[in-house]
Amino acid sequence: DVKVTQSSRYLVKRTGEKVFLECVQDMDHENMFWYRQDPGLGLRLIYFSYDVKMKEKGDIPEGYSVSREKKERFSLILESASTNQTSMYLCASRPGWPQNTEAFFGQGTRLTVV
Amino acid sequence: AQRVTQPEKLLSVFKGAPVELKCNYSYSGSPELFWYVQYSRQRLQLLLRHISRESIKGFTADLNKGETSFHLKKPFAQEEDSAMYYCALKKGGSEKLVFGKGMKLTVNP
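So the sequences go chain by chain: S and C. Counted from 1, the first sequence has number 78 at position 78 by the working numbering; the numbering is strictly sequential. Basically the working numbering = 1-based index in the second sequence + 114.
What the hints contain is simulated information worked out from the structure, not anything from laboratory work. Virtual Cβ for every residue (Gly too), placed ideally from N, Cα, C. Any given hint could be a false lead.
Going by beta-carbon spacing under 7 Å, a handful of chain S positions derived as facing chain C [as the list claims (entries may be wrong)]: (1) Val12; (2) Gly16; (3) Asp26; (4) His29; (5) Asn31; (6) Leu45; (7) Tyr50; (8) Phe105; (9) Gln107.
Taking the hints into account, I'd like the entire structure generated from these sequences.
What follows is the structure, encoded as structure tokens:
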């Protein structure tokens, strides 16, 4: 069973804080993703990584950065948290091969910025 | 740019009624298309993928390249089908996986 584990279920942070969201997968997947999930807006891709130290911007990267120093771990960083970053954050991983493979999701981290 | 459109946000039906959840995509090449489902308080999980051409939990989805659509259908909805459904697209040559805005299906008894 593939496991994608996000370090926190709930986080409350203050405006301006630097926030780290951690995600670990145990199936040696090449690809990892960070999304935010908001009602009415669906899942929006923030960043993804297709290999260690490799990253690409998704559709809404502003205000975020990522780090992938090891294959199994993908971190999302909010450099200076703002209230509009209050959201549910989902991490996912997916093998690089073969094609049409399934993405596996973490349980989500609900971040509230006050 | 690859894009997924789910035109309806909500669908409410009675048990036993047919359902169709619409998904349209914009991508000129050969896409990989998926339907994901999120039941209440559970993780997002794969429901089906276009390449499989199989029925999962009674759901099917056909890729129509001419209409750039990948609609999800079930002839007789069940209460346990109530969930959020997301259509997803991955284009060739990239690992980028994008999702639509989702649709909430409610099946009433």
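Hint check:
no. : hint   : verdict
1   : Val12  : 20 Å, violated
2   : Gly16  : 30 Å, violated
3   : Asp26  : 15 Å, violated
4   : His29  : 11 Å, violated
5   : Asn31  : 5 Å, holds
6   : Leu45  : 6 Å, holds
7   : Tyr50  : 5 Å, holds
8   : Phe105 : 4 Å, holds
9   : Gln107 : 6 Å, holds
When held up to the earlier numbered hints, the structure conflicts with 1, 2, 3, 4 and fits the remainder.
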